[in-house]
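Trainee: If you want the building blocks of each chain, they are given just below.
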Amino acid sequence: MALPIQSTEVSIEALQEYPIQSFQYDGKEISTEPLSMSENLSRLAERIDFTSDGGENVNEKNKEEAPATFQTSSWPWESVRNKLRSALTETSVLLDILTIARDRRYMSIESINNEVPDTRIPLNLISKKKGLNSAAQIIQDGIDRMRKTLQEQQSRSMDFHQELYNMRQRDGWKLRKVGNTIIGDLSYKSAGSRYTAQGTFEVKKSEDEDATHEGTSQSPGRAPPQINSSIQVSVPTELEGFVYIYASLIKDDGKLNFSDLSSCSPPIQYARIGKQSWQTHLDNAQYVIFCKEIFHQLSREAITMKFPLPNVVVGDQVLCHLYDDVKLIIAMCRTLPDEDDLGRVRSNFTPTRHFVRPTYSYVLEHNLHQLLREIHSRTATLPLPHPITGHIGATKRRRLAGPYAFGKIELEEAMPSISLLQQIIIQSKHYYLHTLVTSVLDDIAKEHIDPQIIVHHGAIGTAHQSMIRVFIFNSFSETTRCCLLFKIESDILKCVSGNSVFVVNRDAQMIRNILEEQICHHKLNSITLAIRLTNWNILSQQSYIPVRFHDDMKFGGKPGYVLVASPNRRRVLLVTCYPKQKCTVSLQRTSTGTLSDLITEEKWHDLSGNFEEIDLNCMDFTHSSCFATRMEALMCCLEKETQTNFY
Amino acid sequence: MGVNCVISVPMEENKSGQYVITKLQKKIENLGAKKAGHFSVDCETYQSQIPIEGQVKVINNVHDTEYPASTFSFVENGPHLVADNTLDMLFAKMDSFYAPKKNFKIEAKGVRYELNDFLIKVGSVIIGQNTSVKGILLQIDYTPCILYNDSWGIITELLHILGINPNITNFFKSRLEKKESSVDYTDCAQQYLELFNSVRKSMTVNQQPPGMSSSPVMIQGRM
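Sequence order for the protein chains is A and B. Under our numbering, the first residue of the first sequence is numbered 1, with each subsequent residue one higher. Under our numbering, the first residue of the second sequence is numbered 1, with each subsequent residue one higher.
Some clues are possibly wrong.
Stated by the list, open to error - A few chain A residues that don't get close to chain B, going by computed Cβ distances all over 12 Å:
(1) K148
(2) F160
(3) R176
(4) E240
(5) L485
(6) I614
(7) L616
(8) E639
Said to hold, decoys possible - FRET-style restraints, in silico, Cβ to Cβ:
(9) K23/B / A380/A: 40 to 48 Å
(10) T304/A / E177/B: 46 to 54 Å
(11) T143/B / T304/A: 46 to 54 Å
(12) T304/A / K173/B: 42 to 50 Å
(13) I460/A / D88/B: 31 to 39 Å
(14) H391/A / T143/B: 24 to 32 Å
(15) H391/A / E177/B: 19 to 27 Å
(16) S234/A / P100/B: 52 to 60 Å
(17) T395/A / K173/B: 33 to 41 Å
(18) L115/B / I409/A: 14 to 22 Å
(19) K177/A / Q129/B: 51 to 59 Å
The hints are simulated quantities; they were obtained by calculation from the structure and are not laboratory data. Quick reminder that beta carbons are idealized off the backbone N, C-alpha and C, glycines included.
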């Protein structure tokens, strides 16, 4: 069932409220007063634009402008009047123009041609062409510049900036710019050195490339390879030249090839140093700093530290006493570049040690370098963990020394700081002892062919401790071998053989005697082995008993001997062995012929008589010089002889 | 480090301090002791500039050449501290809180002797810049032992031989009363501090009423 549609009445009327102008603080609203009729009329008349042709845009413009003019006008109809006046002016101007135009004398009115001739296309083309041309020019310029630099780079080996970059990045030189100059640092301060000497160099761009080429062409023989670098370095004059540390041991009696160092201080030599590349130049200068630091520290320690015998520091030379008769000389030898030709010792210089003396010890120099580098690395690397408040570089024990109230002795233990000089003295002493043992062993090995001597130098060792093992054995059999061990420290030299330990007090003669004794023992041992092999019987045996004196060991005492009899006891041999002498072999004489009528038995013929020496060299044994082999052959011969005689 | 006993040696009347020291040294040398360098124990006093809990606090810093890396710091009637030598630099920076008392630095220095197991130190006490001897201190260390009770007998014997009455410090007494109390490294510094304080006290007493004995502690010497 559809409901009848009832219309609802809706009344629309204007609001009885005026737009609110403002609120007061007490909430009272102030509304704008409504416009009166005349005001409303003038506002509407204000909106009329007499100049417009009724377009929308203009209307909008007027709408925007209207409130402004309305506000500024003092009299409500003023703007209307103004606009009417301007309209009147325009109309009268139009009327004038029309009047003049009709006359055609001064003005004519013609229809306007709507098609505008298109003159812009060629203009555009021209401007585009111009733009393209200028762009092409820029690109061309760029190409030319690049080509030029490429050619420059090809002509010179490297660009200055590139080389400077390499110098910093690849070679790791420290460079910085001060003003217009580039200053580099040669010192080892960043590596932990505390040497205060200045070590700066200046880097410049090499100005004249041709000069370098000329220099090399003048002396092609001596000059280093082609220097083609755009970098030129200049180092301070005190770092010029070549320096090395000269270390040597000197002994008074000169038995160990330590000849006397005749001149006390090494002379400064002058030499013409050819052109060198900046790398070698800087390397040399840095090496000079390093050597100077070594020598500076050594000389300082030699003066300040107390040693039992005072050290001598003269010029560039330090003299220390290792023992009463052995001295260590450390000197700094310099070769300065010589520029002028007059009055100086001149030599054709090659950067090598051309005036090295025979006593010069590379080992000690190397040790010195290593020691200083160790000091550097110790100062550069702090032991971790390290508290922020602690002393820099102090060990943990040193840090605890204060709170735990360490005494003087404990403190010294906590700071094991051994000086460079002390260390090199310890190492020199060890080196001296090592050289001593080696030279004695070499001599003995040369002298003795029969028991052969083989020396093994221990690969694992330090600069102040090492081992030398000596084997004595026969060339034809290795079953009997004798082993000796030399333990070399800085102050003490020990020799271990079997169960006995000898403390050798840097006495070459004693080392020699011990070795001779061992050789003697070895000979007797090898003979005993030969005897066992040939089934002979040992009647009596005695090894060499040395008699040692307090000061030095001289050969004396009882000789070692072996008394052996053939299996059938008809031949008796005596072998005596004495150090430093050849072994003697003696055969016991037996009675020949009939003894008497009463004694008829064969056995009485073998009664013992005197011993007679046999010369083993007469035996025909060209293939073997081994004593034990000869003995073995002799015993075999004798046994055979007795057997044939007997039967 | 063994048991150490520090005592004050009485001055003789009408004799200079140096005379007493020389006499004592001669006695020690006659026993066969050998000179082993010099020693010095000094004490610096710092005073709090701002009162803490309503009172002025005093800190004594003692340095001993026997422990060259350490500073012993004692708060008066309070705890003590053993620290590294850098503590002095810290105090120098804290002078607005703790300022050193001027002319209050006291020092005992003299010769060190070694007599077998004993370590004997004879020191003259000097206050501030004044070089005159204000007192004489004798330290005897018995190095092999760390127990007070066990070593007290032998130390007394040595003191008797030297003819000195064993007038020990309160600190040492308290140690002896405890059974089996062992040595700590602050002991020596504490004894020195006690004796230094008594020397200072006697100085102030001497200055106020004139005509008192110059010896800091009255001990009857037995020669």
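Trainee: Decide, hint by hint, whether the structure agrees.
Mentor: Hint by hint, here is what the structure shows:
1. With a minimum CB-CB distance of about 65 Å to chain B, K148/A clears the 12 Å threshold, and the non-interface call stands.
2. Every C-beta of chain B lies more than 12 Å from that of F160/A, the closest at about 51 Å, which supports listing it as non-interface.
3. With a least CB separation of 34 Å from chain B, R176/A remains clear of the 12 Å interface cut-off, as annotated.
4. With 12 Å as the threshold on Cβ separation, the claim that E240/A sits away from chain B holds: the shortest Cβ distance comes to roughly 44 Å.
5. Against chain B, the non-interface label of L485/A holds: every CB pair exceeds 12 Å, the least being about 41 Å.
6. Every CB of chain B lies more than 12 Å from the CB of I614/A, the least distance being 70 Å, so the non-interface label holds.
7. For L616/A, the requirement that its beta carbon stay farther than 12 Å from each beta carbon of chain B is met, with the minimum near 68 Å.
8. The claim that E639/A is not at the interface with chain B holds, since no C-beta of that chain comes within 12 Å of its own (minimum 74 Å).
9. In this structure the supplied range 40 to 48 Å is violated for K23/B paired with A380/A, their Cβ-Cβ distance being about 57 Å.
10. Taking 46 to 54 Å as the suggested C-beta distance range, the pair T304/A and E177/B conforms, at roughly 51 Å.
11. Between T143/B and T304/A the beta carbons are some 32 Å apart, a value that contradicts the proposed interval 46 to 54 Å.
12. A hinted range of 42 to 50 Å for the beta carbons of T304/A and K173/B is consistent with their spacing of about 48 Å.
13. Look at I460/A against D88/B: about 48 Å separates their beta carbons, and that is not inside 31 to 39 Å.
14. Take H391/A and T143/B: their Cβ atoms lie about 29 Å apart, and the range 24 to 32 Å holds.
15. For the pair H391/A and E177/B, the beta carbons lie near 41 Å from each other, so the given range of 19 to 27 Å is not met.
16. For the pair S234/A and P100/B, the beta carbons lie near 55 Å from each other, so the given range of 52 to 60 Å is met.
17. For the pair T395/A and K173/B, the supplied restraint of 33 to 41 Å holds, since their beta-carbon distance comes to about 40 Å.
18. With their beta carbons about 18 Å apart, L115/B and I409/A fall inside the hinted range of 14 to 22 Å.
19. For K177/A paired with Q129/B, a C-beta distance near 55 Å keeps the hint of 51 to 59 Å intact.
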